[in-house]
Amino acid sequence: MSTTDVSFCIGGEAGQGVQSSGAGFAQAMTRGGLHVFGTPSYYSRIRGGHNFFIIRVSDEPVYAVKDKINVLLALDDTSVLEHIDDLVTEGVIVADEGVEVPEGLVEGRAVRVVQAPLADIAEEHGSSVMMNTATLALTAGLVGFDLQHILSVIADNFAALGEDIVKANEQVAKDAYALAGEDFSDISTWRVEARQAPERLIIDVNHAFGMGCLMGGCKFVSGYPMTPASSVLEYMAQHADAWGMVVKHAEDELAAVNMCVGAGHAGVRAMTCTSGGGFDLMTEGLSLAGMTETPVVVYLAQRPGPATGLATRTAQGDLNLALYASHGEYPRVVLAPHTPEEAFRCGQRALNIAEKYQCVVIVLSDNYNANSLWSVDAGEFDPQQVEIDRGKMLDEEALEAIDVYHRYAFTPDGVSPRALPGSHPQAVYLATGNEHRENGHITEDPEISAAMLDKRMRKLDGARTEIQAPFTYGPSEAEITFLSWGSSYGPVHEAMKRCNAGGTPANMVHFVDLWPFPVEETKEILDGARELIDVEGNGTAQFASLLYGQTGIEVDKKILKYDGRPFTPEYIMEKIKEA
Amino acid sequence: MSTTDVSFCIGGEAGQGVQSSGAGFAQAMTRGGLHVFGTPSYYSRIRGGHNFFIIRVSDEPVYAVKDKINVLLALDDTSVLEHIDDLVTEGVIVADEGVEVPEGLVEGRAVRVVQAPLADIAEEHGSSVMMNTATLALTAGLVGFDLQHILSVIADNFAALGEDIVKANEQVAKDAYALAGEDFSDISTWRVEARQAPERLIIDVNHAFGMGCLMGGCKFVSGYPMTPASSVLEYMAQHADAWGMVVKHAEDELAAVNMCVGAGHAGVRAMTCTSGGGFDLMTEGLSLAGMTETPVVVYLAQRPGPATGLATRTAQGDLNLALYASHGEYPRVVLAPHTPEEAFRCGQRALNIAEKYQCVVIVLSDNYNANSLWSVDAGEFDPQQVEIDRGKMLDEEALEAIDVYHRYAFTPDGVSPRALPGSHPQAVYLATGNEHRENGHITEDPEISAAMLDKRMRKLDGARTEIQAPFTYGPSEAEITFLSWGSSYGPVHEAMKRCNAGGTPANMVHFVDLWPFPVEETKEILDGARELIDVEGNGTAQFASLLYGQTGIEVDKKILKYDGRPFTPEYIMEKIKEA
Amino acid sequence: MVTVQDYAIDIPPTWCPGCGDFGIWNALKRAFAEADIAPHEVMMVTGIGCGSKMNDYMHVTGLHGLHGRPVPIATGFKLANQDMKVICVHGDGDGYGEGGNHFLHAARRNIGIVDLIENNHVYGLTKGQYSPTSPSGFETKTSPQGALEKPVSPLALAISQGATFVARGFSMDISRLASLIVEALGHRGYALIDVMQPCVTFMRAMSYEWYRERRYYVEDEDHDPGDRMAAMERALEFPGGDRIPMGIIYRTESEASYEGKLPTLQEKALVKQPLQTRPLEDYDELLREFI
Amino acid sequence: MVTVQDYAIDIPPTWCPGCGDFGIWNALKRAFAEADIAPHEVMMVTGIGCGSKMNDYMHVTGLHGLHGRPVPIATGFKLANQDMKVICVHGDGDGYGEGGNHFLHAARRNIGIVDLIENNHVYGLTKGQYSPTSPSGFETKTSPQGALEKPVSPLALAISQGATFVARGFSMDISRLASLIVEALGHRGYALIDVMQPCVTFMRAMSYEWYRERRYYVEDEDHDPGDRMAAMERALEFPGGDRIPMGIIYRTESEASYEGKLPTLQEKALVKQPLQTRPLEDYDELLREFI
Ligand SMILES: Cc1ncc(C[n+]2csc(CCOP(=O)(O)OP(=O)(O)O)c2C)c(N)n1
Ligand SMILES: Cc1ncc(C[n+]2csc(CCOP(=O)(O)OP(=O)(O)O)c2C)c(N)n1
Ligand code: SF4
Ligand code: SF4
Ligand SMILES: [Mg+2]
Ligand SMILES: [Mg+2]
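Protein sequence lines, in the order shown, are assigned to chains A, B, C and D.
One rule links them: number in my numbering = place in the first sequence (from 1) + 226.
One rule links them: number in my numbering = place in the second sequence (from 1) + 226.
One rule links them: number in my numbering = place in the third sequence (from 1) + 51.
One rule links them: number in my numbering = place in the fourth sequence (from 1) + 51.
Chain A on its own, in the form it takes in the complex (with noise of 0.2 Å):
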């Protein structure tokens, strides 16, 4: 195990800034070269409600969070009471002196409790609100971390409202941080030093996603607000005018999904986010541009349903959605990125498959991932190894070469040819949503009809080379097998690492690329495999039954959760054992 790895739980209510500072925590720990793993936890309200921000950091990679936690930031007293049990040993806890600590609960625990007047120090300098940026500069203090890191962060993320602010800020921190060194030096058993390190990002999924689909040529995307895919829109929203983008807020998820088929269909790389219930929505105009072969990406992030259900919670409850959603059938390819860097090459590989393949394209993700932090290196995000591959295109010349072009033609491989609308007075074709001839008028002849959807279906041939295999982890020769999808990734790395460390040798395969399933690939890695334990966030093992299906292969455990809360290694171990 690695020398350094504290857990830090920041906690407030709702509209205390507990995002904001959990942030800027994490951006300063990644700036002072730790790695970091960073996870929110929020209720579905704007105030109220106790909110809080897990990071973790370490000197070596971390994917999850721990259950126990070793200092707790506690910005209001709900948060004492609801998190002093996750300390560990020797624990400590940051609090204003405001805030209320009960004798009677840290009485016999072996819990550390630093009480400074944080509030004081933020209004003497600022106002009350800075008491936030006292309680993190405290903490660096305590475990030791280098302040100019957070003094940076401050000075980057406040800029936008101004040098006074910033220099309060800054004057709030200096304080609160030399009252570590003063009044409670050695009170930390732990130390978090900042050290030499690769640049890197601290960043979540759908960030990530977001500049990969950005530097992948991403020109169009329309969406609806909905948590959690919201920030994707706005991160677009937010680079549109810069980066040469069209983004467009819509009046609901049927305009924003059948803008996107406008725009694809009109020969621009064109993305729609939501979630579940707006999913729902789109799933006919997806279906659409099934028929019309018009590419399109859709990024679903996940949260508990059905309905409204746990709307700030996550959940892997959408599998057979994505796989099965419409009416009709039609290729579709499902990518589920289960860190950031992923995330920013499935942007791109959404776009490049969409368009050689001309189909939709579904990002699987859920509310943990678009929300965790992660540390990553900058070289991950390489916009030099970017590429963009548009599939078969006429352009002028060939369109001029040829006698009459047939937007639909039947090809080997199914995929026809596109000529963009407009680009020439060749490309005058009807594309639509009726079954069609090659030259995309409608018919209604049995034989056309059968190959139409033949050829179509013929494009996950294609596609299906672009299909990563599985991701194994661990050694090749394990008694357990544990076996993954998308967010689950994290904990269940950790827990492996933890089984390995505990004398039971694990390993791990995890699936991004879910459809086509990669089925040879997975056949010849499970082959051997011991006993396989399905860890997934749904109540029905949607994965375990596509693998079934798919392979025949039967896992021996199943590992669900869907409490709309993410796995933690610990919970993973406990049902390993409760076997």
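Hint data in this document are derived by calculation from the structure and do not stem from the laboratory.
Note that this is a predicted model, so its numbers are computed, not measured.
Do not take every clue at face value.
Here are the simulated BS3-like cross-link-like pairs (lysine-lysine), alpha carbons at most 25 Å apart as the crow flies [to be verified]:
| id | chain 1 | residue 1 | chain 2 | residue 2 |
| --- | --- | --- | --- | --- |
| 1 | B | K749 | B | K723 |
| 2 | C | K323 | B | K618 |
| 3 | C | K312 | D | K201 |
Per label pair, the in silico range of CB-to-CB distance [claimed, not checked]:
| id | chain 1 | residue 1 | chain 2 | residue 2 | range |
| --- | --- | --- | --- | --- | --- |
| 4 | A | G754 | B | D753 | 29 to 39 Å |
| 5 | C | S187 | D | D273 | 32 to 42 Å |
| 6 | C | T328 | B | A604 | 16 to 26 Å |
| 7 | B | T698 | A | D782 | 27 to 37 Å |
| 8 | C | L326 | B | N665 | 23 to 33 Å |
| 9 | C | L331 | A | D782 | 51 to 61 Å |
| 10 | D | W261 | B | A336 | 52 to 62 Å |
| 11 | D | P325 | C | S187 | 28 to 38 Å |
| 12 | B | R417 | C | G311 | 51 to 61 Å |
| 13 | D | E264 | B | A468 | 36 to 46 Å |
| 14 | B | A635 | A | P609 | 53 to 63 Å |
| 15 | C | L326 | B | A604 | 17 to 27 Å |
| 16 | A | G334 | B | D671 | 23 to 33 Å |
| 17 | D | E190 | B | A635 | 45 to 55 Å |
Beta carbons: idealized from backbone N, C-alpha and C, even for Gly.
For chain A, the structure is supplied; the task is to place chains B, C and D with the ligands on it using the hints.
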């Protein structure tokens, strides 16, 4: 084989009355005591395009049409060209003198042509639109069918148009019928004599389902027209006032399904009907029904997709949609009736199951089912047999007796007794699409959330007891076992009979109840089966996947069809041989 | 006598301190008490949004549905149980954005529901994107350069489609708002109440003060709510102009409600009718149609 | 010079003989010729319905989409390729029923598309159910006792939401309709043309004669299409009254189109811009945001 087994084909342009002629002829044959099966083939347009209607009559029950026809009633030139190849040896063409029957086409074929001044007769007594009547009557005469049944159908069906029209049509029929004896006696090899038989209805699956719902206590229908589901909405609308229902043609499918949720929640039995694209739009609303445990029945009449596909053709491509639609996980029941009498029962069963398990019930049908006419013994639609079971409901007295009412109380079977809103001061509660406590109010508590999902899914155990085993036909020992679901029943049943007649022992396992899947019954029934042949109307063998996923049973062969046309026994026989 | 207390529940609202939804919450309870309607006599259908949580914070018969769909849910409910008062309570994004089509058709349908829109000119619950009623130029996360569209004009839309009761209220004028709700509950047919609701978190430009300075009540200006063109002119004053007309902008009681026109509902609410309306013998008639 | 012949294709329309869609078909082709727009310069987006098959019967760039969704499809297309003229052609059920929400928002958005509605006051392709514009009392298979709702008032709705070009045509007045379309194609922003279209099969009451007796052109009556309230009064004449105003009811050219406001689209159509707009070096900026 039966002694009488004659197929008639009425062909003409859209707008020429092929539909009403076919239906009228089928009705007359049914009144004449014959077993009848009729199926139309339409273009998705109002005028023009070749439409036809095939009516097969027999002295034994018939479940499908054959590829070959005995008598062609050609209302226009195209019909001759389109169908002459379908005629059996000694087949008869009946047409007006004005219809062109090219000599070259007839030459060398064992085909008999009957051309008579049918339009003249029509014009003599009424107008040229009565040529259809003349054609039908002459045909009746040719095969020796009692004119009285033709006349009685005329009297009934034209009554609404006034006595003059009835009289004129009767006169036309009589004159045309007379021609048969005078000019064309003995031209037809086949005789179709009227006989005594129990009273029978001539009805399609849509209307039988509607009638089943109506008798089963359906009080509320909201829908939006969509082929092939519109006739359900229309049937209900036409009976609303006389039978105490409210039927609403809504502004869109989003409204239609959510109106059903509102009405179902209020406590009336509610149903909506649509086809694939409309169903897509309903999926979010259904997830709300799932979450609020509101009884809702949806009739999903399939047609080929994706998008608009082949709007007036048939397919079985939406099984996956029915099984997996909507985000999140909630219990549902899926039934796919194969005959009018089964559809009649499914209407009632669906309403009962929806209320007993407070869940969504999807009734899967398709265009073939929606438009095919079957003669069915009136006894199959016995109002006395209709049973209504509303499940656990709390009346005033029960509410008085309890302390506090919890709409979503945890119960062993997952079903929480329902008190209707407004019924009592105790029945004040919230229903919400958010996750909720037993009292209905919103919660984000992880334990309660998981327990609520468990509770809802537990209802499937109860629903499971409502599920019928698949129907079996044919000998218990066989070389071939056909597997089918929904509307492919008829053609598969015929094919099975032909296999047996041809010396290949074959039987058939037909699924009406699809979800929850009858796992054990299926395994038992299929145990020891030799060659399993799956027959379904889609491109990806969705039922075979369901079967494998649920039972591990792999089919040996798949006969798929996805050209928009229904299966025929001949097609199935051919595909078997192709093996 | 029903009192405000009858609607009390021990679930505290989670709205931001100072949110205009508190005023609407109070006005609703007052209106129900004033109208002497008990919690089991009213069905409150809400959508998804901050203010749509209204029925979670009340002891009232409620259905908290889907974003954009309260109107059809309420319509189905009303047709099934016309004996209850049915009121939709939802946000501007919900009612005029996602649910715009239902709004338009409910207005011309004259279905007997009250449709109260908590119009804070922003998406609150999803954290501050612009809404269909946001003023042009409003900068949000999805409109970083400012909203480019003209805002929806809900009152004018309703009047143009034949709505029979069109009103506007202000969440701060609680008793006037309560009276409007009482009037709407007494109206036959569809009654729109567009409520100006400050969102202190995401729409700071339209503060209490901002509204207070601009709002006026049409009844104080000798407006005839029976005059459709006059109503239309008032309706078009805002959004667009600098004065916000409030009160009953248009009203006619001369039209039947949708449910009032249905033969099936003449005598009894649908839910109070037997499932099988007619004696079993009659059912043979149904079979006859196919023989 | 583009001619009507350039739009010819050898696919004969399947409309009923005498259907009003033939007139619209001719008017469209004439308008394109008059405006000198070649088939590859115009994108015709249609919905689902009888008249929505328009682009199957023409040699024109077309997208025949989904029932109710042509407007968002066209919006996405226009934003991607503003160099093409984009015209939606769809039925009243499509545009005002299933697609009502898009209509309302397109109007206030002022997106640069022409929205031509083939308003036959009925659902044709699904065989004669009542539509949102059907007159009250219209008896159909889904309204056996007559439609109970007031018809949608599309022109008034568009004007109320700030539409900048609102017109009505008649499928029989082919050259006047063609001129209207030409005007609309030249308009900056959203242009609604509600076309009265007889359906000889399912809406016999509203025959050619019926329309001819009632229609009048506002330009013949000294109407000022720049006067919004006057336009509103004209718009409210039908449905409701016995005269059907035709021609350009409202028009203003003083407003920018939606696409005209987007910085990204100032210089070039989106589809003509490189996929990666800026030099690769610049992309580091994006990374910086997260460091
Ligand atoms: C189909 C669907 N799309 C999007 C959302 C996400 N969503 C929840 S509330 C909301 C908007 C809230 O705005 P408004 O209706 O004005 O209510 P407010 O929060 O301002 O009171 C959105 C977009 C959803 N729940 N369902
Ligand atoms: C989502 C969806 N719902 C319903 C339909 C069925 N449908 C096809 S056309 C149509 C209505 C046609 O009416 P209108 O738009 O007025 O066009 P018209 O045929 O009168 O020209 C309907 C309901 C559909 N194709 N898709
Ligand atoms: S975000 Fe706005 S609308 Fe929502 S609770 Fe806070 S103040 Fe009210
Ligand atoms: S049904 Fe009506 S709208 Fe359709 S083609 Fe025939 S006349 Fe035209
Ligand atoms: Mg709002
Ligand atoms: Mg129409």
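CB-CB spacing for D782 of chain A and L331 of chain C relative to the 51 to 61 Å hint: Holds: the Cβ-Cβ distance is about 56 Å, inside 51 to 61 Å.
Outcome for the supplied range 52 to 62 Å, where the beta carbon pair is W261 of chain D and A336 of chain B: Distance hint for W261 of chain D, A336 of chain B holds at roughly 55 Å.
E264 of chain D paired with A468 of chain B, Cβ distance criterion 36 to 46 Å: About 37 Å separates the Cβ atoms of E264 of chain D and A468 of chain B, which means 36 to 46 Å holds.
Distance restraint between K749 of chain B and K723 of chain B, which requires alpha-carbon spacing of 25 Å or less: holds (24 Å)
Outcome of range test on Cβ distance (R417 of chain B, G311 of chain C; 51 to 61 Å): Given a distance of about 59 Å, which is inside 51 to 61 Å, the answer is holds.
Outcome of range test on Cβ distance (G754 of chain A, D753 of chain B; 29 to 39 Å): Given range 29 to 39 Å: holds, Cβ gap about 31 Å.
Outcome of range test on Cβ distance (S187 of chain C, D273 of chain D; 32 to 42 Å): holds (33 Å)
Supplied distance hint 27 to 37 Å, evaluated on CB atoms of T698 of chain B and D782 of chain A: Distance hint for T698 of chain B, D782 of chain A holds at roughly 34 Å.
Proposed proximity, K618 of chain B with K323 of chain C (alpha carbon, max 25 Å): holds (18 Å)
Assessment of proposed distance window 23 to 33 Å (beta carbons of G334 of chain A, D671 of chain B): holds (28 Å)
Hint check for S187 of chain C and P325 of chain D - Cβ pair distance inside 28 to 38 Å: holds (31 Å)
Cβ separation of A635 of chain B and P609 of chain A, checked against the hinted range 53 to 63 Å: holds (57 Å)
Consistency with the previously given hints is maintained throughout, with no hint failing.
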